[in-house]
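J.: Take a look at the letters that make up each chain.
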Amino acid sequence: MTASDLLNRLFMAVLTLAGVAVIVFCLLRIVPGDPIAMMISPSATPADIAALRAHYGLDLGLPQQFGIWFTDVLKGNFGTSISQRRDVMELIGERLPATLELAFAALVFGVLAGGVIATLGTLARRTALDPALDFINGLFLAVPDFVWALALVLLLGVFWPVFPLSGRIDPTLSTYFHTDFYLIESLVTFKFSAFGDLIAHMVMPMLALGLPLAAIVVRTLKEALAEAMVQDYVLLARLKGMSPLRLVLQEALRNAVGPTLTLTGVQFTFMIGGTVIVERIFSYPGLGNMAIDAVINRDLPLIQGIVLTFGAIFILVNILVDLIAAWLNPRNAHG
Amino acid sequence: MTQPLVAIEGLSAISTRDGGAPVLRDVSLTLEKGEVRGLVGESGAGKSTIAKALLGILPSTVKVTGGFIRFEGRDLLTMPRRELSDIMGRDITLIPQDPQTALNPARRIEAQLTDGLRLKLGMSKKDAHQRALQLLDEVQIRNPDRVLAAYPHELSGGMRQRILIASAFALNPKLVVADEPTTALDVTVQKEILRLIRRMQEAHGTAVIFVTHDLGVVAKICDRVTLLYAGKVIEHGATVDMLTAPRHVYTRALIAAGPRYDRPNAGLEPVPEAVFRQLRAEVGLAERGI
Ligand SMILES: Nc1ncnc2c1ncn2[C@@H]1O[C@H](COP(=O)(O)OP(=O)(O)OP(=O)(O)O)[C@@H](O)[C@H]1O
Ligand SMILES: [Mg+2]
Chain A
1 MTASDLLNRL
11 FMAVLTLAGV
21 AVIVFCLLRI
31 VPGDPIAMMI
41 SPSATPADIA
51 ALRAHYGLDL
61 GLPQQFGIWF
71 TDVLKGNFGT
81 SISQRRDVME
91 LIGERLPATL
101 ELAFAALVFG
111 VLAGGVIATL
121 GTLARRTALD
131 PALDFINGLF
141 LAVPDFVWAL
151 ALVLLLGVFW
161 PVFPLSGRID
171 PTLSTYFHTD
181 FYLIESLVTF
191 KFSAFGDLIA
201 HMVMPMLALG
211 LPLAAIVVRT
221 LKEALAEAMV
231 QDYVLLARLK
241 GMSPLRLVLQ
251 EALRNAVGPT
261 LTLTGVQFTF
271 MIGGTVIVER
281 IFSYPGLGNM
291 AIDAVINRDL
301 PLIQGIVLTF
311 GAIFILVNIL
321 VDLIAAWLNP
331 RNAHG
Chain B
1 MTQPLVAIEG
11 LSAISTRDGG
21 APVLRDVSLT
31 LEKGEVRGLV
41 GESGAGKSTI
51 AKALLGILPS
61 TVKVTGGFIR
71 FEGRDLLTMP
81 RRELSDIMGR
91 DITLIPQDPQ
101 TALNPARRIE
111 AQLTDGLRLK
121 LGMSKKDAHQ
131 RALQLLDEVQ
141 IRNPDRVLAA
151 YPHELSGGMR
161 QRILIASAFA
171 LNPKLVVADE
181 PTTALDVTVQ
191 KEILRLIRRM
201 QEAHGTAVIF
211 VTHDLGVVAK
221 ICDRVTLLYA
231 GKVIEHGATV
241 DMLTAPRHVY
251 TRALIAAGPR
261 YDRPNAGLEP
271 VPEAVFRQLR
281 AEVGLAERGI
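Which chain is which? The protein sequence lines are A and B, in order. According to the working numbering, the residues represented by the first sequence are 1 to 335, in order. According to the working numbering, the residues represented by the second sequence are 1 to 290, in order.
With the rest of the complex left out, here is chain B (with noise of 0.2 Å):
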């Protein structure tokens, strides 16, 4: 078998803001070059922190207790600075959950659109002004020219994520992250950009982490699950063998309680004490509420 794109191994984090609580404990995970991974678990399983480790941006409050992560082979975690900030930014980029805040509201779409061109690739300007109008072309935005020349604020929050999910895949990056890029979106923009990234992934053969809590929009973007809890990996699988046959009850507890399943009263049926009751004791937490 060839090298894998990502291979976390054993990867386990503390909290020192509270008081070094673990974050991630004992978490691997191999991603294959092309593939969509989604992450899905209830709020604090873990999974912004993966996205976070992955991109070299955690939190100095969280610190890395143990593991490794390849990316092609090499380790993120002891890599050299200089050699880090290559990777980043360009074989591995962002699609931020937030469109409203992830846009220099001073800055017109043209200029952040070419930063990663002009700072990672040295495009001259004119050279980045060609690529960011094929960009925009590729993620379906019709007037190019305005929308480069506006800022942020004049445009609506779907063409802002179409902006940074162009932007994100600007430098043909070997792997995206994407952060839950669909929360803050109305539910009819949400499928248009939920389309959107499957056919940039696709047409740039790109591999994705797909951070989310619905199970929904697992089922159509995401080729294989990692399920958290509580920072512990519960369930890895391709995601039809997982929406379909479920090994673990607590993945079963999930998909009876509906896609949203962080919604208990929009969901079919919440999950139940005893399921909780019975992760806590495999990931080993002490009895403390819900």
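Isolated chain A (complex conformation) (with noise of 0.2 Å):
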């Protein structure tokens, strides 16, 4: 990709983000529900409960209401959140740091033990092992995030309590943090025990969005790898002399990769909106779980927020797929 395509690339992505900023405000007007109704007491009296609706311009016409919206949007300011009374983005910029972190977490799960399993099977053909790992792989393609989440929390939460069932972190742990990146943070200021509490936190919620993308990245590598395998550079290598392990890595990884990066892409956008579900179960306190209490409050501006926030997301995440692919590629790199 060159630097035209790529500013071709960002200038589209705003585009879309325009589009999805009108669905989504003409969505949430034909939806029915009224924030007000939400938030009034019930001894309010109409009078308040008009000045209220004219605090937040809801009295207005609806094209004047998203113009309004949309110039702050563009100026980069989301408005206030109706239920909590505060700046969405900066309700989104406290929130969205422990989604990424937990997104990124299953990402790179799901994406080793998938890349570990499908070369495992790749060494093992023509062996029982192999055909027995298709099976059990194809039960766990047909698993999805949520079902994990309620099995991990019976499992490994309930049964055999290993595990924090909810949040992010042990409220009792004393630890502060100067930014919302919590693990990262503790990771770099050799914060230990705030890091492993933090881990074990994660774990269930990870593995509840990363064993779906895993079993995928099984499949689809796995079947590349076997194409890959039987080309005639894999044929003349293992002639050579080389091990079956750096056959499989070495000879056929890089050439099978390709799909399997364009699928995880895809994917990675399905998790992140299975971040939604995921958190909610788990009491984690991502953005996906706000977005269900700004849905419930009719929170039109949160809700506006945090959907156009994921929407940056997935565009950026296509962006960069696009972008490893292209590096991955030699003809693109020294053509």
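Misleading hints may appear alongside valid ones.
[Unchecked claim] One side only, chain A facing chain B, incomplete, derived with CB under 10 Å:
#1 Arg126
#2 Leu235
#3 Leu253
To be clear, the hints were calculated from the coordinates, so they are not data collected in a lab. C-beta: ideal position from N, C-alpha, C; glycine also.
Combine both chains into one complex, guided by the hints.
T.: Right, dumping it as structure tokens:
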């Protein structure tokens, strides 16, 4: 990808986000539910309600509301949360790091676990292990993230309680963080007890999100590896005495990752979507969890802000995947 | 007489993929040191199967049902795995058919050309680099430093095939198996590659099994020829004798059909149906269309 391609993609990304903004705004006005009704006390008079509506600009016409919101968004101002009465950007900024850390951990887990199993399966071709692996993987492919989450709660939370059931960090751990990237910060500042606690909290939601990804990586990568392993260059390397593991990792893997990479990009965006329900199940204080609260409270500015944030992540991930694919392909790097 | 380099004796094989259909029928042939032997025959005659058997890479769906492949007196088919992998890639190497797919697109030429030197001979990276430069010079590649640092897609098909030839001869093998090494190349490049294989083979004293469809190619490069039909040897002989005084009707018909007997339209006259009928009877095949 050249620099002008990249600029092009970024320009398209901005246009796409503008489109998303319009759609979200319209959808939210179609869906029934009144944010003011959610926040007033039963004793409020019609005059109080009218004042509140005016305060949040809900008395204006829809095009006008959109115009105000959109110009504010362009200025980087997402408005004020109706339910929490705080700046939307600020709220998102506090929660997004938790979700990014979780999603990234699940991504790393899914890709590593999937990669290792696909490699083992490739090494075990023509043995009894191979079809057994395929069978188990087929089962894993059929189980979605929220089912994993519930199963893990029962298994590792209730029957064999090794991991904390909810939250991101033990509140009694009196650790002060300068950023909201707790995991990264605890690691680079050598706060290992906090790091351990964060990981313990993360294990279950990470598995719930990462296991379906791992299963997809296994299937795609194994298929591509099988195709690469019968290429002439692998045969020649084998004749030259290359070990089976090196044949897979050095000869086949690099030529086989393409489809897996693309699919992982797509899966990762699904996974970000999956954080909504999984974070809820584990009371993990991330953006997804906040999204559900925002919907329950009909907190229109907050929902809009969160959806745009998710949209921006989706688009960035896609651009990143294309960049990595281009970087991995020797034809592009040196052509 | 001294021991031949390769002696295939009564080799028979079936394809379990095709319901146990015979692939090789009692094939015997001997190969002397330094000789270039052509394996000729129409598609499906079993040429590649013989080549693969020599390299120990028969597909799992092809089963040997009898015979031996003696290499310097030792049977490759019953040899322990470890000894076999010592021989393969060192004493017996391969020039593949398609230079597009025979080089790893993700690795530089140097790494691929020096694999064998490093893995089989335990050469240091530096020594292997020196040897690689020498080899590229031998196969007449002019800017060896640039080529060693290149990725396969940066090189032409002919260039890639030269590298694969250099790689096949890198360890001074005793036998090089070349399965249609020029089929994927332009006609002009084909000639250069043929000449190169012949020159390398002479310089290293290496025997070559040369699989081809092309009698013109056979005439240029092979000392002796084996003609196969449906997995059976139809005729053996010195190239000159076989091309000038063929004994079998099939051989005669092929020569009459022109150098590219496998492309009827380009040939002078197609092999008559009567010849095929006779062949099928000889091989013991039931009538089955063409
Ligand atoms: N992987 C395989 N499994 C089972 N049978 C095979 C396999 N590959 C080839 N055969 C069978 O073996 C027979 C001989 O095939 P072979 O590839 O040796 O022919 P060939 O002379 O090299 O033909 P071509 O000129 O097309 O390369 C064919 O009948 C084919 O169906
Ligand atoms: Mg063949």
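J.: Can we keep the Arg126 (chain A) interface hint, with Cβ of chain B closer than 10 Å?
T.: 7 Å, holds
J.: Taking 10 Å as the limit, does the beta-carbon of Leu235 (chain A) come near enough to a beta-carbon in chain B?
T.: 7 Å, holds
J.: Report holds or violated for the interface hint on Leu253 (chain A), using the least CB-CB distance to chain B and a cut-off of 10 Å.
T.: Status holds, d = 9 Å.
Hint violations for this structure: none, all hints satisfied.
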